[in-house]
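The opening residue of the sequence shown carries number 116 in our numbering; numbering runs sequentially from there.
If you're looking for bench data, these hints aren't it; they were derived computationally from the structure. Mixed in with the good hints there might be a few duds.
Straight-line C-alpha distance at most 25 Å; calculated DSS-like pairs for lysine-lysine [to be verified]: (1) K463 - K449; (2) K255 - K269; (3) K269 - K331.
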Amino acid sequence: MVIFVNWKELLENRSRLFWLAHTAGWFGFAFVHYLGSLQHDSRDIFVVIIFLNAYAGWLFTVPLRYIYRKAWNFPPIKIALVVILSSYFTGVLWQIVKNINYWEIYKHGYEPESWFMYTQNSLGSFYIILSWSGLYFGSKYYQMLQIEKQNVLKANAVAHQAQLKMLRYQLNPHFLFNTLNAISTLILIEENKTANTMVTKLSEFLRYSLDKDPMKKVTLESEIQALQLYLAIEQVRFEDRLQLDFQINDNCQQALVPSMILQPLAENAIKHAIAVQEQGGRITISVNRFADDLLIEVADNGPGADIINGNLHRESGVGLVNTRERLQALYNEKFSLVVSNNQPTGVKVNLRMPFQLS
Numbered sequence: 116m117v118i119f120v121n122w123k124e125l126l127e128n129r130s131r132l133f134w135l136a137h138t139a140g141w142f143g144f145a146f147v148h149y150l151g152s153l154q155h156d157s158r159d160i161f162v163v164i165i166f167l168n169a170y171a172g173w174l175f176t177v178p179l180r181y182i183y184r185k186a187w188n189f190p191p192i193k194i195a196l197v198v199i200l201s202s203y204f205t206g207v208l209w210q211i212v213k214n215i216n217y218w219e220i221y222k223h224g225y226e227p228e229s230w231f232m233y234t235q236n237s238l239g240s241f242y243i244i245l246s247w248s249g250l251y252f253g254s255k256y257y258q259m260l261q262i263e264k265q266n267v268l269k270a271n272a273v274a275h276q277a278q279l280k281m282l283r284y285q286l287n288p289h290f291l292f293n294t295l296n297a298i299s300t301l302i303l304i305e306e307n308k309t310a311n312t313m314v315t316k317l318s319e320f321l322r323y324s325l326d327k328d329p330m331k332k333v334t335l336e337s338e339i340q341a342l343q344l345y346l347a348i349e350q351v352r353f354e355d356r357l358q359l360d361f362q363i364n365d366n367c368q369q370a371l372v373p374s375m376i377l378q379p380l381a382e383n384a385i386k387h388a389i390a391v392q393e394q395g396g397r398i399t400i401s402v403n404r405f406a407d408d409l410l411i412e413v414a415d416n417g418p419g420a421d422i423i424n425g426n427l428h429r430e431s432g433v434g435l436v437n438t439r440e441r442l443q444a445l446y447n448e449k450f451s452l453v454v455s456n457n458q459p460t461g462v463k464v465n466l467r468m469p470f471q472l473s
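All chains should be modelled from the sequences, with the hints used to inform the complete structure.
Here you go:
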């Protein structure tokens with residue numbers, strides 16, 4: 116019969132872990148003394164004495180656990196006093212038992228001259244019990260620090276998730292404002308059929324975005340579908356003025372990316388490149404893999420912009436700031452977002468993030 120031990124569950128059960136460590140420690144004590152006895156010409160019964168002594172130590176140190184629990188919240192000086200007195204008292208009792216075992220069993224009923232001799236060599240036993248006490252407090256403090264560390268990690272994880280959700284959902288009001296404003300304009304100029312088409316496509320896009328968990332990454336293929344839903348809304352407004360070019364490497368389709376990471380970049384291109392030109396323009400989305408990185412580029416052929424150190428001089432809106440903060444929260448320093456002038460005209464945004472598969 117094979118016994119499988121769930122070590123994680125064992126380590127999390129502090130009571131069970133104590134008994135395991137306590138027993139293993141005293142067994143190790145007995146084993147070391149047994150190895151030491153091999154250097155001397157001892158009778159076989161001395162092995163029994165060794166394990167009787169270890170068993171006595173095992174029994175006498177169990178009450179210390181409950182004494183130290185009571186003293187756990189005492190001031191440090193009181194804790195030290197309790198530990199020293201408890202260890203000394205336990206060490207003396209243990210030494211008495213060890214002397215009885217040695218004289219009564221191993222020496223065949225040898226009687227010392229004075230009962231005081233039963234406490235002989237108590238100092239060595241005191242040091243051993245004091246060491247046991249030190250290990251007990253050390254392990255307790257270690258467990259306490261681990262619990263505190265886990266609590267801090269959980270708190271940071273909750274705060275991290277809240278930040279990601281805030282950044283992710285911040286896109287919807289921003290996008291809705293622009294889209295609803297465009298629909299309102301269409302209604303004012305009595306382009307009701309076009310406005311109705313935009314409302315329909317808007318509902319499809321929102322249904323898609325709300326179905327996606329903001330805490331989970333999505334495949335690039337899924338993200339491109341979401342982007343196409345958004346661009347379909349904008350094509351209703353701009354018609355032939357908005358031209359699109361997708362250049363997606365086939366081996367990148369299943370790569371994982373943050374949900375709704377491309378939409379704000381495309382929205383920036385439409386706002387600053389397509390809408391400001393009477394003839395419209397072209398947006399090119401390129402995705403490739405280089406080594407362990409996923410490379411994404413969103414470029415337009417608009418009038419360009421002032422760029423300082425890889426950032427737009429006009430960067431005061433939600434889109435690029437939001438995208439950079441989301442990438443920072445998800446990948447720490449393992450990403451880059453660089454804005455540069457496109458050739459011959461326009462602006463391009465290059466993203467680099469770790470290549471991950473679902």
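Hints breached by this structure = Going through the list in order, the structure violates no hint and respects every one.
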